[in-house]
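Colleague: Construct the complete structure from the given sequences, taking the supplied hints into account.
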Amino acid sequence: MNMKKIICIVMALALCISLFAACGGNGSSTASTGSTSSTAAEGGETTEEGGESSAEGDVIDVLNQTEKMPVSIAVMTGFTQSDSEMEKMLEEKYNIDISLVVLPGWSDGQSQISLLMASDDIPNIMWWWSMDTEYNKWVQAGLLQDVSGYMQKYTNIRDYYDKMDKKTLFYASEADGSIYRIPGDVAEPSCECLWIRQDWLDNLNLKAPTTIEELEEVMRAFTEDDPDGNGQKDTYGLGGDGYDFRSFWPWIQAYDLAHYARFCVDDDGVVTYGPANEGTKKWVGDVAELYAKGYITPNITQDTNRDEEMANGGFGVTYSWCAWNNPDAAPMLSFYSTNPDAKWVPIDMVKGENGVPQEDPATSAAWAYFAITKSAQDPERLFATYDDMCSLENYVERRFGREGEHYEYDENDTYVAIVGPDSEENTSQNIGLKIFDNLFNRKDEGNISNTPETTALFNKSGENSRYAAAHLVEWKDPASFETWTEYSADIETEKDRYLWSVIAGTESIDGWDNYVATLNSLGLEEVLAEANEDYAALQAEMEEYLAAHE
Amino acid sequence: MAAAVKPASELNAWERFKKDVVRDKWLYLLLLPGMAFMLIFRYIPIFGNVIAFMEYNPYDMAGSTWVGFDQFIKLFQKPAFMKVFGNTLYISILKMVCGFPIPIILALMMNEMRNMKFKKASQTLLYLPHFISWVVMAGLIMSMLDPTTGLVTAILKFFTGKDLQVLTDKNLFVPMLIITDIYKGMGWGTIIYFAALSGVDPQLYEAAEIDGARKWKQLLHITLPSITPTIVIMLILNCNNIVNAGFDQIFMLYSALVYDVADIIDTYVYRIGIQKADYSFSTAAGMFKSVIALVMILIVNTVAKKTGNEGIW
Amino acid sequence: MAHSNRIKTSTGEKIFTVFNYTFFTLLCLIMLYPFWHVIMLSFSSLEASMKGGVFLYPKGFNLDTYKSVFKNPQVYTGFATSIFVTVVGTVLGTLLTAMTAYPLSKSRLRGGKVMMTLVLFTMIFAAGMIPSFLLIQNLGLMDNRLALILPGLVSAYNCIIMKSFFLSIPESLEESARIDGANDLRIFFSIILPLSKATIATIALFTAVGYWNDYFSTVLYIRSTEKWALQAVLRYMLTNTQQAMAQAGVNVMAQTNTNAETIKAGTIVISTVPILIVYPFVQKYFVKGVMIGGVKG
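Protein chains in written order, with full-length UniProt numbering: chain W, 1 to 550; chain L, 1 to 313; chain E, 1 to 297.
No wet-lab data here; the hints were simulated from the structure. Predicted model only: the values in this text are computed from it and were never measured.
The list that follows gives simulated cross-link-like pairs (lysine-lysine, BS3-like), each with its CA atoms no further than 27 Å apart:
#1 K167/W x K460/W
#2 K51/E x K157/L
#3 K113/E x K305/L
#4 K281/W x K351/W
#5 K113/E x K19/L
#6 K233/W x K343/W
#7 K113/E x K306/L
#8 K197/E x K284/E
#9 K117/L x K14/E
#10 K117/L x K284/E
#11 K119/L x K215/L
#12 K293/W x K162/L
#13 K119/L x K284/E
#14 K167/W x K153/W
#15 K167/W x K443/W
#16 K83/L x K281/W
#17 K233/W x K51/E
#18 K207/W x K351/W
#19 K88/W x K71/E
#20 K281/W x K170/L
#21 K197/E x K119/L
#22 K276/L x K74/L
#23 K59/E x K157/L
#24 K282/W x K351/W
#25 K293/W x K207/W
#26 K166/W x K153/W
#27 K51/E x K293/W
#28 K197/E x K25/L
#29 K120/L x K284/E
#30 K162/L x K51/E
#31 K157/L x K293/W
#32 K106/E x K18/L
#33 K18/L x K113/E
#34 K117/L x K215/L
#35 K197/E x K120/L
#36 K293/W x K281/W
#37 K153/W x K68/W
#38 K14/E x K215/L
#39 K215/L x K120/L
#40 K157/L x K233/W
Modeller: Listed below in structure tokens is the structure:
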């Protein structure tokens with residue numbers, strides 16, 4: 001018996017040792033990959049120097065390349081079938097071989113991006129959204145290519161962003177001027193406005209609301225006075241994408257220094273955390289009250305889809321995209337096909353307590369980025385190729401197809417889709433319009449689907465969002481904001497939990513002080529101390545950059 | 001039994017060992033792939049847990065450093081983790097307390113059925129949910145609990161008069177987890193007890209009938225004692241699950257609205273580890289969980305043996 | 001005395017019997033209804049699905065849902081991957097489990113106890129998500145369907161069931177074969193395996209269901225959408241409604257008689273059908289198999 005036990009222990013030990021040896025082997029092999037990555041980074045630097053020295057001549061002619069270059073690209077939305085017509089067109093044109101690495105949707109997407117970046121086969125072009133901490137680690141590990149040199153030589157992307165908003169590239173660049181992340185999609189200054197069912201207003205003899213109180217009264221009437229005249233109480237005032245605070249924007253903008261996620265800054269330059277401010281207490285309280293009264297669709301507290309509920313004719317007010325004003329907007333087409341007599345119209349933002357009606361301002365920085373990674377064999381050619389794809393006419397062709405074949409213009413010069421980028425035919429015929437969506441999108445005349453009215457709507461929304469924009473903080477490098485990196489996960493989890501619970505009615509707004517105390521115990525006070533310091537430094541840095549790029 | 005082939009006694013231990021190994025070479029050959037599998041896919045990951053003692057950088061492994069117990073210290077200092085640990089225990093203990101007796105009762109009730117066709121049919125239906133994935137179950141649950149069209153929502157409204165949104169209500173989410181877990185597992189749970197019940201000697205019941213013992217008495221004095229060993233073993237195996245609150249189920253159903261009550265160690269490990277690429281920290285969390293499970297099963301097994309029951313080894 | 005006693009018992013019994021049968025009838029209905037509901041929903045019209053309520057039969061019967069579901073290329077690739085993974089995994093896994101359990105059931109085997117302990121230990125100490133993931137990555141199996149198969153091949157639990165079944169086979173059968181000159185390999189393949197049909201069917205069913213229902217391995221190990229398992233496709237549809245519906249070819253213009261609810265229902269149905277088809281045939285085996293195997297190692 002004892003003998004057996006001893007053998008058992010010896011075997012277990014042998015096993016351990018052999019396994020440790022195996023791990024050791026792994027360790028050394030990984031160490032070697034580590035060193036290759038650092039040489040790759042050095043290589044990147046040398047090519048960059050080369051790029052600068054040859055900035056005048058030596059531009060790669062991407063249309064006349066004899067060697068076929070494999071290109072793997074991570075994509076989330078947009079067209080995600082392989083070997084589409086557009087893909088083949090690009091492959092032929094630039095003599096490349098494209099393979100799409102499709103990310104598994106929004107809920108598991110960031111996991112997959114993390115996994116891809118930690119693997120041996122990183123796509124040549126990586127796309128991601130809001131992963132600032134990870135981004136810094138990638139840069140430190142030498143996984144991304146600095147493209148600032150290439151941007152001087154191939155200027156389609158740079159010119160576009162400098163034309164739209166000079167701050168965009170400031171936010172994308174590092175302190176030393178290098179650029180590892182290329183802005184993937186930057187929204188219009190504001191791209192949303194308040195939408196209302198005009199036919200319901202008419203049915204109930206109501207006027208379009210201009211103040212928050214009037215809006216709430218309209219919502220009451222829409223809920224209780226049977227606006228669709230079917231004799232059933234099956235309508236709601238406000239609807240919106242579920243589990244998305246933006247659905248409540250009219251109440252958020254009604255108060256100063258209120259927000260659901262971002263840091264706010266007052267006129268004296270003092271930085272505060274929006275979700276912990278008095279203004280937020282007020283808007284959440286308002287919304288919770290309306291929700292409890294049943295003026296808001298019950299689904300809004302769950303991760304549900306607005307478009308479907310809208311097609312059912314379930315609600316009469318929503319805060320949504322200006323682009324809905326375009327005749328080809330899919331949710332609207334869907335809505336009108338089931339509700340032919342109805343009418344949604346965009347109206348001006350209603351006036352709240354602070355007296356400054358504001359639309360939701362978008363950030364100057366991109367919400368999604370892409371980068372050329374160290375796995376690219378010829379980063380310069382890859383950048384040059386991609387940059388060429390971003391020129392105005394090439395972008396229009398890739399996004400909307402060819403005039404006469406995929407779209408045409410009517411007598412008012414308005415874009416009419418023959419095969420729309422969102423249509424079923426695009427999938428079933430494997431055309432591939434909208435390929436690489438979110439990896440560079442033009443919001444200028446390149447977005448040909450905007451009608452003049454929609455463009456005007458965008459402009460108005462943009463103008464009416466500057467007051468709000470001036471009071472919101474935009475960080476350049478959230479990951480260097482150390483206390484935030486450390487505590488943000490806990491703080492944001494608690495923030496989301498509490499605010500949604502109040503709206504859903506499972507917690508009381510009376511617990512507000514408790515909530516703020518909890519945030520502080522999770523580190524918010526430290527965060528704010530650092531935030532105020534960082535903000536001052538950031539302003540100085542930005543002014544310097546903007547002066548240099550004038 | 002090994003003695004059956006034991007040759008002359010003058011052979012010493014080592015020679016006997018060699019001879020036995022040669023004799024059973026084909027058995028070792030059969031065993032080889034399975035053990036290799038266990039080594040590679042079960043033991044290497046167990047030793048892979050060493051990264052919990054490192055600051056592991058997945059993007060640049062050369063940048064990884066040894067940090068001793070730092071990750072564990074960080075873990076215990078994090079209020080979020082303690083919350084998650086509490087949730088795990090709370091959900092799994094509730095699941096066990098509510099879910100454990102049900103299969104026993106069902107098996108005993110079914111055992112009294114004389115109509116074999118009915119019994120077979122109901123067994124077939126009761127086992128079914130066990131074979132359905134949590135992905136599909138989640139789809140069914142979401143459909144039943146849909147705030148506007150869900151059938152269960154309508155039933156709840158009928159009884160409470162309120163529009164209850166179970167999936168986002170933190171007071172209702174955990175009960176929902178418990179009930180759906182029981183729903184999925186209770187039928188399958190009975191099968192083990194059927195196995196035990198079929199082993200009871202029918203003569204015992206005949207003897208009891210002759211003695212005039214009623215059904216109730218028979219249950220107490222014959223049936224229950226004969227399935228007690230099985231109950232104890234199932235209890236021990238269940239204790240191993242005290243830190244497994246059901247990853248698949250929760251992962252498919254939860255949202256930030258109910259993180260407060262539904263976030264468990266496994267979902268936390270996934271979010272911090274895979275999503276945020278903090279491999280070391282989340283491995284520490286996972287390892288802590290495994291160690292608790294191991295300790296639990298050792299304690300319960302020892303207690304079971306001390307109290308005169310059979311353990312699992 | 002005994003006579004009267006018996007009558008008394010049978011009245012009590014009668015009440016219990018009535019209760020028992022009623023109870024189980026209700027329970028079975030509760031078990032069945034959710035499945036019935038989605039099946040009927042998947043055949044129902046858009047309007048009916050929006051109203052909700054009880055679906056005892058399809059309201060506004062139509063096949064548009066399935067027309068849409070089968071337009072989605074991911075459904076086909078999902079089926080292909082899941083079938084491949086399930087078939088290969090089940091055959092290999094069951095064989096490997098039997099091969100491992102058989103020698104371990106022999107008490108004469110030197111080191112057998114130690115190896116059994118090693119197997120048992122994997123049941124009570126789990127390695128954890130990240131180390132398992134790193135292993136697959138270091139083996140170079142990322143985005144390879146093998147990553148969906150290999151980690152689940154043998155489970156300690158199945159080994160124990162198999163082993164205790166082998167223990168119940170009388171030694172004498174093997175002895176007579178041995179006298180005829182058969183070695184252990186031949187005994188295993190030509191005598192033991194054919195004897196173990198019920199247990200093997202049980203293990204095979206467990207393994208197959210495990211593979212068929214697995215979606216998380218896809219989340220962790222697979223990148224290319226054409227290699228996704230069906231369950232992962234389904235999860236994607238449940239959590240990314242809008243995108244998934246566009247891919248499924250559900251025209252947002254609502255020309256078809258479908259919406260997200262019916263499409264989800266249809267996908268749930270087609271991903272469950274294979275289990276529902278196989279299940280009744282194997283059911284008789286697994287009840288028997290588990291009964292023979294018991295739980296005790």
